[in-house]
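Protein sequence lines correspond, in order, to chains Z and R.
FYI, in numbering that gives the first Met the number 0 the residues of the first sequence are 0 to 153.
FYI, in numbering that gives the first Met the number 0 the residues of the second sequence are 0 to 118.
These are computed hints drawn from the structure, not numbers from a lab.
Check the hints yourself; a few may be wrong.
Claimed, not checked - So, partial list: chain Z residues that the calculated Cβ filter (under 7 Å) puts toward chain R:
no. : residue
1   : P45
2   : D82
3   : W85
4   : H96
5   : A107
6   : V110
Said to hold, decoys possible - These stretches of chain Z come out as covered by chain R in the derived footprint (C-beta under 8 Å, 3 or more residues):
no. : segment
7   : 10-23
8   : 72-78
Quick reminder that beta carbons are idealized off the backbone N, C-alpha and C, glycines included.
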Amino acid sequence: MATTLVIIHGLVAVALLGAITHQTLATWAPAGPRQGSFYGRFRSVPSASFANAIVLLYAVSTLLGAVVYLYFRVDIRPELERDGHWQALGFFDLKEHFNSIGLGLLPAYWVCWQRPLADELGRTRAALTAVIAFIVWSSYLIGHVMNNIMGFGS
Amino acid sequence: MTFSPSFRRFAFAYGTAFAVFYVVALSRDLALFTVFPSLGVVLLGTQHAQDAAPSMGGVPAMYWYGWTATAAIGALIPGFIAMFFPEQWTRRIWLGWLWVVPVFAMVACVYLTMPWFRL
Chain Z
0 MATTLVIIHG LVAVALLGAI THQTLATWAP AGPRQGSFYG RFRSVPSASF ANAIVLLYAV
60 STLLGAVVYL YFRVDIRPEL ERDGHWQALG FFDLKEHFNS IGLGLLPAYW VCWQRPLADE
120 LGRTRAALTA VIAFIVWSSY LIGHVMNNIM GFGS
Chain R
0 MTFSPSFRRF AFAYGTAFAV FYVVALSRDL ALFTVFPSLG VVLLGTQHAQ DAAPSMGGVP
60 AMYWYGWTAT AAIGALIPGF IAMFFPEQWT RRIWLGWLWV VPVFAMVACV YLTMPWFRL
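Whenever a hint applies, use it, and build me the whole structure from the sequences.
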């Protein structure tokens, strides 16, 4: 059960990672008239259309993470403590804290991206998107390391 | 989908306040409830394992859910208050607080997590 949930959690996180990366690049480095390159096409997406999906994926990913966290606390963390992986546990705590702060920001993020896009929210929208992107990327990387820290099959 | 200006004020105040309340909850250990996953027990408030009941000594306790709940509920108060603020008042507030406060909250979380990295 826990393994299945972790895999689904990971898949949702990958989808979220893709969506927020597209949106962040499209916001901070919008594509010019020449979009022939891969990078040009990557950042030429209509960024506002990603907002609803990002809110949904973030909420689902956090919910799944909250369920998996129960198994982690009982079965995994004691092993990591025994082996002295204190830094990894510290990073995991940070991931949880950042995720919660991101969760609180979701309503504001969603409002900022509602069409028609308000001009006065331009900078705030871009900054908020970058904050969410940082949270998603850091959470993904920390989660990935934690998932593999004991080695496959251990 | 459209939203009212009052909802916009709520969302902006809520997001900012949530970050502040979360750091306060984390630093003051103000969890709305504590989860003991191995026992399947949830107790109101911050309950350190050895304080909750002698029989729970050594049982893993989880506070993250409680801290998040504290922040989520606490932030509703400034959120609802902001809904009733006149539009001309809120226009004077710098919108940058919406991301500056969470960024500072994240830095505060890093500071509060530092003990893990000194072990």
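Results for each hint:
no.	hint	in the structure
1	P45	violated (16 Å)
2	D82	violated (12 Å)
3	W85	holds (4 Å)
4	H96	holds (4 Å)
5	A107	holds (4 Å)
6	V110	holds (5 Å)
7	10-23	violated (count 0)
8	72-78	holds (count 4)
When each numbered hint is compared with the structure, violations occur for hints 1, 2, 7.
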